[in-house]
Every structure is written in structure tokens, then in C-alpha cells.
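Asker: Following the hints, put chain B in place on chain A, whose structure we already have.
Protein chains in written order, with the numbering used here: chain A, 6 to 527; chain B, 6 to 527.
Derived from the structure by calculation, the hints contain no laboratory data.
Careful: at least some of the hints might be erroneous.
When chains are identical, the list treats them as one kind, so a pair holds in a single copy or across two.
Taking lysine to aspartate or glutamate pairs in the EDC-like style, the calculated list, with each CA pair at most 20 Å apart, reads [said to hold, decoys possible]: (1) K366 / E340; (2) K76 / E65; (3) K76 / D361; (4) K252 / D463; (5) K366 / E519; (6) K96 / E121; (7) K131 / D119; (8) K96 / D127; (9) K76 / E354; (10) K252 / E455; (11) K366 / D159.
Note that the structure is a prediction, hence the values are computed from the model and not measured.
2 protein chains.
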Amino acid sequence: MHNTFTGRAPVSAIRHALSTKREDDFAQWYQEVIAEAEMAEESGVRGCMVIKPWGYGIWERMQRRMDDRIKAAGVENCYFPLFIPLSYFAKEAEHVEGFAKEMAVVTHHRLIGDGEGRLVPDPEAKLEEPLIVRPTSETVIGAAMSRWIQSWRDLPLLTNQWANVVRWEMRTRMFLRTSEFLWQEGHTAHADREGAMEETLRALEMYRDFAETELAMPVIAGEKPENERFPGAVATYSIEAMMQDGKALQAGTSHYLGTGFAHAAGIQYQDSEGAQQYCHTTSWGTSTRMIGGLIMTHGDDDGLRVPPMVAPHQVVILPMLRDKPEDAELLAYCEDLRKALVAQSAFGEPVRVLLDKRPAKATQKRWGWVKKGVPLILEIGGRDAAGGQVSMLRRDRLWNDAAKANFVGLPKAEFVSRAAAELEEIQSALYAEARERRDANITRVSTFEEVEAFFAQDKRYPGWVEAEWSRPTGEDLEAVVQKLKALKLTMRNTPLDADPVAGDCIFTRRPAVERIYIARAY
Amino acid sequence: MHNTFTGRAPVSAIRHALSTKREDDFAQWYQEVIAEAEMAEESGVRGCMVIKPWGYGIWERMQRRMDDRIKAAGVENCYFPLFIPLSYFAKEAEHVEGFAKEMAVVTHHRLIGDGEGRLVPDPEAKLEEPLIVRPTSETVIGAAMSRWIQSWRDLPLLTNQWANVVRWEMRTRMFLRTSEFLWQEGHTAHADREGAMEETLRALEMYRDFAETELAMPVIAGEKPENERFPGAVATYSIEAMMQDGKALQAGTSHYLGTGFAHAAGIQYQDSEGAQQYCHTTSWGTSTRMIGGLIMTHGDDDGLRVPPMVAPHQVVILPMLRDKPEDAELLAYCEDLRKALVAQSAFGEPVRVLLDKRPAKATQKRWGWVKKGVPLILEIGGRDAAGGQVSMLRRDRLWNDAAKANFVGLPKAEFVSRAAAELEEIQSALYAEARERRDANITRVSTFEEVEAFFAQDKRYPGWVEAEWSRPTGEDLEAVVQKLKALKLTMRNTPLDADPVAGDCIFTRRPAVERIYIARAY
Numbered sequence: 006m007h008n009t010f011t012g013r014a015p016v017s018a019i020r021h022a023l024s025t026k027r028e029d030d031f032a033q034w035y036q037e038v039i040a041e042a043e044m045a046e047e048s049g050v051r052g053c054m055v056i057k058p059w060g061y062g063i064w065e066r067m068q069r070r071m072d073d074r075i076k077a078a079g080v081e082n083c084y085f086p087l088f089i090p091l092s093y094f095a096k097e098a099e100h101v102e103g104f105a106k107e108m109a110v111v112t113h114h115r116l117i118g119d120g121e122g123r124l125v126p127d128p129e130a131k132l133e134e135p136l137i138v139r140p141t142s143e144t145v146i147g148a149a150m151s152r153w154i155q156s157w158r159d160l161p162l163l164t165n166q167w168a169n170v171v172r173w174e175m176r177t178r179m180f181l182r183t184s185e186f187l188w189q190e191g192h193t194a195h196a197d198r199e200g201a202m203e204e205t206l207r208a209l210e211m212y213r214d215f216a217e218t219e220l221a222m223p224v225i226a227g228e229k230p231e232n233e234r235f236p237g238a239v240a241t242y243s244i245e246a247m248m249q250d251g252k253a254l255q256a257g258t259s260h261y262l263g264t265g266f267a268h269a270a271g272i273q274y275q276d277s278e279g280a281q282q283y284c285h286t287t288s289w290g291t292s293t294r295m296i297g298g299l300i301m302t303h304g305d306d307d308g309l310r311v312p313p314m315v316a317p318h319q320v321v322i323l324p325m326l327r328d329k330p331e332d333a334e335l336l337a338y339c340e341d342l343r344k345a346l347v348a349q350s351a352f353g354e355p356v357r358v359l360l361d362k363r364p365a366k367a368t369q370k371r372w373g374w375v376k377k378g379v380p381l382i383l384e385i386g387g388r389d390a391a392g393g394q395v396s397m398l399r400r401d402r403l404w405n406d407a408a409k410a411n412f413v414g415l416p417k418a419e420f421v422s423r424a425a426a427e428l429e430e431i432q433s434a435l436y437a438e439a440r441e442r443r444d445a446n447i448t449r450v451s452t453f454e455e456v457e458a459f460f461a462q463d464k465r466y467p468g469w470v471e472a473e474w475s476r477p478t479g480e481d482l483e484a485v486v487q488k489l490k491a492l493k494l495t496m497r498n499t500p501l502d503a504d505p506v507a508g509d510c511i512f513t514r515r516p517a518v519e520r521i522y523i524a525r526a527y
Numbered sequence: 006m007h008n009t010f011t012g013r014a015p016v017s018a019i020r021h022a023l024s025t026k027r028e029d030d031f032a033q034w035y036q037e038v039i040a041e042a043e044m045a046e047e048s049g050v051r052g053c054m055v056i057k058p059w060g061y062g063i064w065e066r067m068q069r070r071m072d073d074r075i076k077a078a079g080v081e082n083c084y085f086p087l088f089i090p091l092s093y094f095a096k097e098a099e100h101v102e103g104f105a106k107e108m109a110v111v112t113h114h115r116l117i118g119d120g121e122g123r124l125v126p127d128p129e130a131k132l133e134e135p136l137i138v139r140p141t142s143e144t145v146i147g148a149a150m151s152r153w154i155q156s157w158r159d160l161p162l163l164t165n166q167w168a169n170v171v172r173w174e175m176r177t178r179m180f181l182r183t184s185e186f187l188w189q190e191g192h193t194a195h196a197d198r199e200g201a202m203e204e205t206l207r208a209l210e211m212y213r214d215f216a217e218t219e220l221a222m223p224v225i226a227g228e229k230p231e232n233e234r235f236p237g238a239v240a241t242y243s244i245e246a247m248m249q250d251g252k253a254l255q256a257g258t259s260h261y262l263g264t265g266f267a268h269a270a271g272i273q274y275q276d277s278e279g280a281q282q283y284c285h286t287t288s289w290g291t292s293t294r295m296i297g298g299l300i301m302t303h304g305d306d307d308g309l310r311v312p313p314m315v316a317p318h319q320v321v322i323l324p325m326l327r328d329k330p331e332d333a334e335l336l337a338y339c340e341d342l343r344k345a346l347v348a349q350s351a352f353g354e355p356v357r358v359l360l361d362k363r364p365a366k367a368t369q370k371r372w373g374w375v376k377k378g379v380p381l382i383l384e385i386g387g388r389d390a391a392g393g394q395v396s397m398l399r400r401d402r403l404w405n406d407a408a409k410a411n412f413v414g415l416p417k418a419e420f421v422s423r424a425a426a427e428l429e430e431i432q433s434a435l436y437a438e439a440r441e442r443r444d445a446n447i448t449r450v451s452t453f454e455e456v457e458a459f460f461a462q463d464k465r466y467p468g469w470v471e472a473e474w475s476r477p478t479g480e481d482l483e484a485v486v487q488k489l490k491a492l493k494l495t496m497r498n499t500p501l502d503a504d505p506v507a508g509d510c511i512f513t514r515r516p517a518v519e520r521i522y523i524a525r526a527y
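If we strip away everything but chain A, and leave its shape as in the complex, we get:
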């Protein structure tokens, strides 16, 4: 079983770097990946996490590439205040009902000593009007839009911000649901419904393509059912990804807000005939939650596997240092290799390479990088250097493909010239694997009994069902929601790009009008 060229024992000689397997306890496995890959940790501040360099590095890569897409669409970045006066929330009643509950409320602007050596909020410094730490920025951005927009010539107004937001959460889970999280929120204003809907769907398509291209995470882009709409929205769209435990993760949303927010904030324009009109607005957002999606899509029993496009390091070089004079020569060889790789371009950017010179043993360091999910690991020993070779490990193949699971020896120049292609292959392979799993775990059903039977089966991670429905509203919809709730299920979305419907609604038995996905969800 030894790879004769590299002379190394197969990686599988030490099997699995984590103590919990996905199939045994997915939630525990998720926490373990985050800890072992050093992505984030609890901060000691309720509901807030510390994002560590590896986790933040992935976010930076995601940000950079998403931001390029946002700019390419002509959207301009701004920055709006963290604090929103309480009265802004009251302006938009429906919005208040849905959102204005669990939020961080600033009531004082000074601390003083209480005379017993403790600090307390100064009763003399109570704010006249409490400030809310933004849970989302429609209201404060709406106020700015009402100042910025006068005439049809100012439209469309396309803005975005990268910011932190706070939603007080009772039960938190790192990346998926934290009281504070990082996100981008796009906010746009248009002259009419058509323009706003076009933007809503453009953002949705941007998210779909980003998730599938950059994150190698297959998603379904579609409209949320009425009961899952963003408070105040006329229509909410989402991308939904299937995690390895079969649950759905909403990984991005785009809302057509109609003229409701424009009425609340007074966002009006003079049309070309001189009449005052209300704008049609949109908002759309993605957040650090996507990192949770990345972990649960690509992680395996050895930790994370990061798609190369968003990996902080795409290649890690591990010189097998022996604390001897020969190390200098080995390091020079590795440094040459690093330079040659950095000069290569993958996905339109220079290849990101780390030469890891830390004093620990290469085999120990190897497992650290395996857990972090670096796409390509190169171990370079004295024999490799002398022979002008590299020993390469592809993280995506660690276990999936027994024949290729181990280090492969290659002439250095050959590796350098095919490094970018190798990274692109890994990106595609991760997508293909996730896509195949997702598709294999969606089952078409035509009656509600089939839904019940599907989720009652003795299968730990059942996946989703795809059904046809008649898009009921009002009490009929409420009945559906309750029926599903009893099974811990929710409707995810109605896909935009779906086969035509042919049968009856699984709930109402009336003629179906569209497809809908039903699943357990995060």
C-alpha cells in the first residue's frame, strides 16, 4: 500500500482527524469542525462569537468576490449608522410586528461608578429616545433615500453596505445563528415594479451563481411561500442549500418590497411628467451564515474542505525540517516552489500559497491543514528536493477515492504548470459531489401521505421532498403551515427554474400551479 515514489505511508494509516463522525452526531461534528479547523469560538459575550483567522480568511475571500459582483452590477457601497432611533421602526407597522422584538436597545450614553467600586449606567445620561442596534437597515437607508431621490433621473438608486447587525437570539449556533453577525445588505430604489422586480431577481441570480461557483454549493433559487416572507415584503426569494444531514439552509434572500417602505420613509420621485410617485424598493442580503453552509456542505470526517476559490491558502507547502544544516537547502527549494506557484493564476487571481516553516513536524502540521481543509498540501522532504519533485495531497480525495487517497509524487515543474488546473478540478469536484448528493436526496411526492411516510422512514438524514401545490392563501395556507409544523417541516421555496406542474396540490387537491420544496431546516 505504500506509494513507492514518495516512500510515505498512506495517509489512511491514521484514520480520521475528528472524534465525531457526521453519521453519528451531525450537530456535534459541526461544532468539532469549527473548533478543530480553528474557525471561530464562543466569545464569552452572550450569543456573539470570535471569528478566528481561518474563518475570517474564508469570509474575506467570500467578501472580495461577492463585492466584485455587486460592483459589476453598478451598485455602490455606502456606510449607514449602526444605531436606529426607535421611532424609525414605528413608521412601518408591519415591519415592527415582524422584527422589532428581540433587539439590542441602547438606553444610556454614560457609565459612572456607583460609589461601591462598580460601574453602572449613569441615570443622568439616559437617552431621550432609545437607539436600536440595527437588525437590518431598511428604515435608516430609507430615510437616506428620501433625501437622495428627487427625480426619475436619480433612479435606479443602487446601494449596498458591508456591516455587522444584531438580532437577539435565544438559541445560538456558530455562523448559523448568532446575535451579532456580518453581512452585506443591498438596498435599491426604482421607478416602477418592473425595475424593482428585475433587481430583486438579479440579486437572487447573483447569489445563486455565487453559491454554486465560489462556494461550490448547489442551491435552489425560488420564491418563499407567503408565510415565510420578510416582514413588509411583497415577495421574498431565497437560495436554499441542502446540508449533509438533509436539512435545508437558507443561504441568501432577496426581497421585492413594493412601495410599503417608500411610503413609510417618504421615498418619492418626480416622474418625467412632473407627478410625484413612490419608489419601488428592494433589499437583499447574504451573511457569515454562508460559512456554516460551506462547512455542512463540504466538511468530511477529517474536518473542513474549503473550495479553492474561497480558501485563504490554496496550497500549503510543508518542508520536512529536521533541525539540521540541510534544512537551509530544503527551505530554498520550497521558497522557489512558492514563488513559482504565486506566479501562476487560478480563477483569475494569483495562486495563494503558504510556506509553513513552523518548527513542528511536517506530519503533525499536515493534520492541522487537513482539518482546516486546504485544497492542496505539498510535503517536501530532502529526497523530493534532491529529485526535483513534490509530494502532493489533494484534500478532496482524502477518503473518497481510495486509489488516489495518498500522496502523489510529481516533478516540480509539472506540478507548478498544472497547479491552477488542479485547483479548478477540486472546485468542480466539490460541486459535483455536493450536487449529486443533493439530487439523490430530493424525492418527488404527489400526496401528503407520501410526505408523512417519507419523513417517518427509519433514515437519519432523509433529505427533501418536492411537491406540487396550488399556492393556497389565508386560512388554507395557515392549515398547511400547521400540518407541516407538526412534522417539524417547513416549505423552503418554489423554484424559479422547475419542470412544469401536472397534477394536484398535495395539500388542497386543487390543480397545482407550481412546485415547492419541503424540508427540515436550520
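Answerer: Positioned in the frame of chain A, the structure of chain B alone reads:
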């Protein structure tokens, strides 16, 4: 006076785009530049501003280049919580005294209706321990460091975060002093004083070079006098820039914190002999305040002038559209020009070019871009296109240099090939101009009477004085501070890179030990 080639009236035919001149009312001029260049505006939320696309675009360029420098120094980005439990502040008593006063305090986590149609903080949802919106993150990052550091092998620990912070300010001024602002804060831990001091000075030198290179803003790097230290710091260093009104602006700080914060947060390591030691820590930061410095360094009576290295657009192309069929040909010519420019590289990055196709008249749009301070403006009319020419305006020369103040005609290919050099020249010219003005406005004094006389002279913007002093402490220092305060003066810093001292202290008449700058300041 007409430039015969371009056939255009000289730009100076319409003199000055702003209504306030620097010499008449500098503070008013500053607000006007920000408004007219569309950089930022009041948000309606007390002390918080909205940063608009042009201001935020400059910040993004600054961030990108500063971040490259931070990463190149081996510092890793993380993200720490927005909220800091009140008790964390109490741990570090000196820190509390200096900082823990004007801060935003979160006391509730829920809003409810009060039964009269208004929202109020829910008395049932009062936090057991109030949370502070971070004014700076030493305490919360110190808590993380105490978890992350075990042994000397974990040192140095080098972290940075890009974040928003809040310091409740009574009097605010856009970019210079706002309740919420954006910044980066570096936090590092080291085994000993030497390592920490080296990092403190490395960060300071990074800031100096960034200010002078990227922002074309000359600064003095030096140590703050004891009375101006960051609360809890052993030594505080700063970069100080001179604004056009002669006042000083502290544009970045770097602190050696000794072991005080390490004691407060329990940041300890086991040294190579197995003994427990406290770490020596540092922190260093720069913020959106630098944008204020940029405006007051480079702005002129027509608005902002942005140094090309941080300009969101370095070149703006204005086609002189006439709403006629010929426009198509003109636009095609401009688009070719844009593509040719984007393929050029300035300061190691592709040239950033905007082709401004908005329907307004080119001459109107021109003034918008002049006020925003785009380094190069190209106006292209039908005659330019037919002749394969461009008409170029260098923003830095709009008034300074009468002979070159107007549009210059150039063959397109020639302009394209020298565009990068032109941008580099503008960058240097802005620095040289600011440097010359700064140096001309520093006066050496050798007695305190000379200081009094200098600031009593009938000169609106007197500048700084440079003196020698004996670095008094305790009551002697307090006396100096009060003496200066009576003249509305402060000591800025003692330059690291200064001529040797030769005389006596202007305050104590004891032998001087170092130089110090004294000025009015923001």
C-alpha cells in the same frame, strides 16, 4: 488665453466651485467640501454620519492598501464581538478611568408596545449585566488572547480587526469626530518588552509610510507626551499631520501597553524554562478620521483633490454627448480609450477608469468631478475623436500653475502610454505641495515667550512650533499642560527622527533631552 488645440475656454473662466474659501472660514469650507464632493452627510442619528459612495470608495481604497501592509507583516485578521460586558472594563482600573465614561450602553434586549401604540424597551427583558458597544477592543481581545496563548511557542500573537466602534461624542464633526466610526485595530502579544516595542514601532512606521505614500500626507512620527497617553499604556506613539489651517491632526496611534492589560486579562505564557510569564501587549489603530486629514491636506477652493493611489476613479472620461446619432461613434471612441487605460497599471494595480455616460452636459459633469477631486479628467468631443486626441485636465494643477491650468490636448496613444506616469506625478506633486507647506509652517523656538509671541501674531493659520524640552513629569508636566491649555495649545509628539538637541527646555530651562511639537489641534 484659449488653448488653441482643444478649442476650449480656460477652466478658470468659471472660477471656483465652492462658495467658501479656505482662507475665509476653514471649518465651513471643510463641511462644504464634504457636501459638494458627496462624501458623507448627517444621518439623522445623533453623532452618526452616512458615508456616501465617494467617501466610502476612498475608505475602501485605503482599507485595501492598509490591509495589504498589515497582512505583509504577518498579522492575521479576526473579528471580535461588538458588545463588551461591563465587567470587562472594571478589570483594568486605569483603563476604566480614562475610557469608560461616554459610551453606548445596551440595557435591554426586547421592545414591546406600551399599549398606547408606541414601542418601549421591555422591562421584562432587562439584561442582568449591561453591554457596552465597543469603544476599542483591548478588553475583549485580551480575553481571547488569554485563551489562545499557552506557551512561548504561541508568541508573538498578531491580530487585527476592521470594525466599527462607538465613543459617545458631545460635539461631532464629520470624519474627524463621530460617535460611530470605522477603523482597524491591531492587537499583539509578545514574550518581552523588546518584542512588543519592536511591534509598536513597526506599526507606527507602517502608518507613517502609509500616510506619506498612499495619502500623500506628510506626517511626523513620534511619541506622545505622558499626559496624552492612551489610558493604561506605557508609551503612546502617533503620526501627526498639519492641516491647511495650521492645526495638527493625530492620524494614527500605536501603543506599547506593557504587562498591564495582560495582568487584567490573564494573558500568560510558559517560557522555555517552564515558568509562567505575563505577555507584553501592543495595540495600534487608524480610522475614517484619516479621510478628514486627506480633505484638509489636499482640498482646495474647488473641492477635494484625491491622491491617485486612493482615488476610487483615477481617470474619468466625459464624452461630450449631443443627443445625436454621432454620439454612438464618440462613445465607441471613449470605450476604446477606457479599455486601453484599464490595461495600464499604476501603483501596481490596473488604472481605475470611469466612462461617465450620464445624459447631462460634459461641462456640468466636469465640475462635479472637479469637486470630487478625480486626479485626471478627460473631456472628449467629436473633434477629439476624429483627430485621435484626448483633452486632459490635471486636477492638481487646476489653479496652482496658471500656465498648465487648462485642458491639454494629446494624441490618444501618447496619453494612454503616459497615464500611469501622470498619476504617479500627481501623487508626488500632492505630497511635495503638502510637505513644502508643512515645513514652511513649522517654526523653531527656544523660549516659551517665543511660543506666546508666535501664537499671538496676527496670522490666521500660524502652524506649529518645534521646541526642545526636558520631558518633565508629575507636577512639572501638569504645569506645562496648563500653561499651554491657556493658549489653546497641546504638545503633539516628540519626533523619533529629529535633529539632536542642543539647548535648554523652553518650560523648565533644564537641559533639553528631546524635541517636541506644539500646536493647536483637532
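Asker: A separate judgement is required for each hint: does it hold in the structure or not?
Answerer: We went through each hint and held it up to the structure:
1. For the identical chains of this complex, K366 and E340 are intra-copy neighbours only, at 18 Å inside a copy versus 55 Å across copies, given an alpha-carbon limit of 20 Å.
2. Taking CA atoms no more than 20 Å apart as the test, K76 paired with E65 passes in both settings, with 16 Å inside one copy and 12 Å between copies.
3. For the identical chains of this complex, K76 and D361 are inter-copy neighbours only, at 15 Å across copies versus 35 Å inside a copy, given an alpha-carbon limit of 20 Å.
4. In this assembly of identical chains, the alpha carbons of K252 and D463 lie at most 20 Å apart only when taken from the same copy (16 Å versus 75 Å across copies).
5. Taking the closest pair of Cα atoms, K366 and E519 never come within 20 Å of each other, the shortest separation being 58 Å inside a single copy and 50 Å across copies.
6. When the C-alpha separation of K96 and E121 is checked against a cutoff of 20 Å, the pair qualifies only between copies, where the shortest distance is 15 Å, while the shortest distance within a copy is 42 Å.
7. Taking the shortest Cα distances, K131 and D119 sit within 20 Å of each other both inside one copy (16 Å) and across copies (19 Å).
8. Taking the closest pair of Cα atoms, K96 and D127 come within 20 Å of each other only across two copies (19 Å); inside a single copy the shortest separation is 30 Å, beyond that limit.
9. For a Cα distance limit of 20 Å, the shortest separation of K76 from E354 qualifies both inside one copy, at 18 Å, and across copies, at 17 Å.
10. Taking the closest pair of Cα atoms, K252 and E455 come within 20 Å of each other only inside a single copy of the chain (18 Å); across copies the shortest separation is 76 Å, beyond that limit.
11. Proximity of K366 to D159 under the C-alpha cut-off of 20 Å is restricted to the inter-copy arrangement: shortest distance 16 Å between copies versus 61 Å within a copy.
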